[in-house]
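Number of protein chains: 2
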Amino acid sequence: MIAIGIDIGGTSIKGAAVTSEGKVLKVFSMPVTKGEDGVTTIKKLANLTKEYIAKEHLENDIVGIGLGIPGTIDSPSGVVTYSNNLRWDFIPVVKLFNDVLPYPVRITNDANAATLGEAKFGAGKEYQNCIMITLGTGVGSGVIIEGKLYEGNEGKGSELGHTVIKMGGRRCTCGRKGCFEAYASATALIKDTKRAMSKHKDSLMHKFAQEEGRVGGRVAFAAAQAGDKYAQEVVNNYIKYLGEGLLNICNTFRPEVIVLSGGIANQGEKLIKPLEEYLEANNYGYPRTPKVKIINAKLGYDSGKIGAAALFF
Amino acid sequence: MIAIGIDIGGTSIKGAAVTSEGKVLKVFSMPVTKGEDGVTTIKKLANLTKEYIAKEHLENDIVGIGLGIPGTIDSPSGVVTYSNNLRWDFIPVVKLFNDVLPYPVRITNDANAATLGEAKFGAGKEYQNCIMITLGTGVGSGVIIEGKLYEGNEGKGSELGHTVIKMGGRRCTCGRKGCFEAYASATALIKDTKRAMSKHKDSLMHKFAQEEGRVGGRVAFAAAQAGDKYAQEVVNNYIKYLGEGLLNICNTFRPEVIVLSGGIANQGEKLIKPLEEYLEANNYGYPRTPKVKIINAKLGYDSGKIGAAALFF
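Chains A and B supply the protein sequences, listed in that same order. Position 28 of the first sequence, counting from 1, maps to 98 under our numbering, and the rest follow consecutively. Position 98 of the second sequence, counting from 1, maps to 168 under our numbering, and the rest follow consecutively.
One should not assume that every hint holds.
Intra- or inter-copy, both count: the list cannot distinguish identical chains.
[As the list claims (entries may be wrong)] Lysine-lysine pairs mimicking DSSO-like chemistry, simulated, CA-CA at most 27 angstroms apart:
hint: 1; residue 1: Lys269; residue 2: Lys299
hint: 2; residue 1: Lys264; residue 2: Lys84
hint: 3; residue 1: Lys343; residue 2: Lys165
hint: 4; residue 1: Lys165; residue 2: Lys361
hint: 5; residue 1: Lys363; residue 2: Lys84
hint: 6; residue 1: Lys310; residue 2: Lys271
hint: 7; residue 1: Lys247; residue 2: Lys310
hint: 8; residue 1: Lys113; residue 2: Lys84
hint: 9; residue 1: Lys361; residue 2: Lys247
hint: 10; residue 1: Lys247; residue 2: Lys343
hint: 11; residue 1: Lys340; residue 2: Lys363
hint: 12; residue 1: Lys299; residue 2: Lys271
hint: 13; residue 1: Lys218; residue 2: Lys368
hint: 14; residue 1: Lys104; residue 2: Lys277
hint: 15; residue 1: Lys261; residue 2: Lys247
hint: 16; residue 1: Lys247; residue 2: Lys165
hint: 17; residue 1: Lys96; residue 2: Lys299
No lab work stands behind these hints, which were simulated from the structure alone.
Start from the sequences and build out the full structure, keeping to the hints where you can.
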């Protein structure tokens, strides 16, 4: 069985035929043209997909086409309600695709697609209940319950990055104050790093930032590793923020596993070990309540395409 | 179809045969003896249930026996892992029942049972995804996803009262600081009311407390209604705390509906109207994201028995 999985990003769109074993076949791609309206982009994408299917002689093998799209998606209706990144407003993606291609088409949020990919074929494949948290520009999330993606009413559920962990705290892009995202995203970590750097001119963070050519999410971790106490403070606070958000997820879902993805997750054990210690020390009802494993995502950038295709598996 | 539904409380246990239409037949009950160990209590209860079934001539009609029990419950194993209220520690309820009665026995947390009752036969019966929040001594919760109770790993999920809304805030009974429960339970409202009363000797709250013979959850609402500004401040803060916790639930699950139960929920429109206004003003992505309805529970004390029986419907 083969489905097409398409991952729409802020600057480029990538798609591929994906087998029901999660294997990615030949990839196709197109850029996202800034300022282009969504209808035009989707029409181009549908035509490109049609060409790809013809060129790869897949006409009779395709069971459907799945798309992961950033923004709020009304998956039952097949409409992108709104995408802040793409500036899309009520784009009827499924209808537009079906004007060009006769296959079933399903859409979901990009974080949901990536989660489904990891849950079915990556880090989460041995678990029935798993949550994926993506630590990037924001804090993305996807929820798998009994092996199925949980999307909520009109596909608008599982915005775990926009749950408040500190009422009245930092202003979030969503309008509320104190969201998990405003403390645990890479953006938040970088802001905290910069704040500490401007306060401590003698910190090793300056050296690592210079080596990297910018202040990225890695700087505080690298400097802390090298023994810098100011960087250690930044990292400790970040672990605490992330830990509190993950504890909330544990107490809400008590999943078997939380999968971390995104740039910050690349810190691996430097992140996961202190995080697991924090979770264990604060786990609700522990030891009578099972621990929640924290593991790294495995599929990298493929998770979105694989998960979008997996909407049909 | 008939199942026995049993609701174990802190001071008494009530059970009844319940039809698959949610109708409660004759009720039986026994007191909870303080200090008695769990094994003894469950043995007594199983024998009482056996007598009840014989007396009501239900031997051939019963499809199973369900119990809702306060505490952390390992429902797949049929064991009460720990109940703080009852001082029970690893009580194998299902096994103990089956020593006396030959029917299938299932157990769940009391909040889960009440939620299932409301979801199947009460306020939530028209909805597939619904969350119930009980505002009592603590903040209890139950989660219904696609018509089914969501229990999490080892039945330890959906402790929404123990998600932090204010990091570093009020100490919660669970050990963390800033839990939803520490701000939105009846206990928290009463503490806030008492604090305001001791600060404002001229507040109408004193009059209402005297009339009621105690400072209960109603006092601030009644005094606010009568125009007392200090009481209004207590109520406004309570709405804000409760609102933030409910917004987190909306962004996590985007259910169709949140059902409120417990003493405070009896405030009805005085609570629900300002709460809905708060949710609408702060709803993620609204108006592109559907509103979540807030409604009152309908079944009162029967919800626990009905829901426990509904574990078999």
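Hints, verified against the model:
{"no.": "1", "hint": "Lys269 / Lys299", "verdict": "within (13 angstroms within a copy, 44 angstroms between copies)"}
{"no.": "2", "hint": "Lys264 / Lys84", "verdict": "neither (33 angstroms within a copy, 60 angstroms between copies)"}
{"no.": "3", "hint": "Lys343 / Lys165", "verdict": "neither (47 angstroms within a copy, 39 angstroms between copies)"}
{"no.": "4", "hint": "Lys165 / Lys361", "verdict": "between (44 angstroms within a copy, 26 angstroms between copies)"}
{"no.": "5", "hint": "Lys363 / Lys84", "verdict": "neither (31 angstroms within a copy, 38 angstroms between copies)"}
{"no.": "6", "hint": "Lys310 / Lys271", "verdict": "within (25 angstroms within a copy, 41 angstroms between copies)"}
{"no.": "7", "hint": "Lys247 / Lys310", "verdict": "both (18 angstroms within a copy, 13 angstroms between copies)"}
{"no.": "8", "hint": "Lys113 / Lys84", "verdict": "within (15 angstroms within a copy, 62 angstroms between copies)"}
{"no.": "9", "hint": "Lys361 / Lys247", "verdict": "between (30 angstroms within a copy, 20 angstroms between copies)"}
{"no.": "10", "hint": "Lys247 / Lys343", "verdict": "between (29 angstroms within a copy, 22 angstroms between copies)"}
{"no.": "11", "hint": "Lys340 / Lys363", "verdict": "within (15 angstroms within a copy, 43 angstroms between copies)"}
{"no.": "12", "hint": "Lys299 / Lys271", "verdict": "within (13 angstroms within a copy, 50 angstroms between copies)"}
{"no.": "13", "hint": "Lys218 / Lys368", "verdict": "within (19 angstroms within a copy, 31 angstroms between copies)"}
{"no.": "14", "hint": "Lys104 / Lys277", "verdict": "neither (35 angstroms within a copy, 65 angstroms between copies)"}
{"no.": "15", "hint": "Lys261 / Lys247", "verdict": "both (16 angstroms within a copy, 25 angstroms between copies)"}
{"no.": "16", "hint": "Lys247 / Lys165", "verdict": "neither (37 angstroms within a copy, 49 angstroms between copies)"}
{"no.": "17", "hint": "Lys96 / Lys299", "verdict": "neither (47 angstroms within a copy, 68 angstroms between copies)"}
Going down the numbered hints, you'll see the structure goes against 2, 3, 5, 14, 16 and 17, while the others check out.
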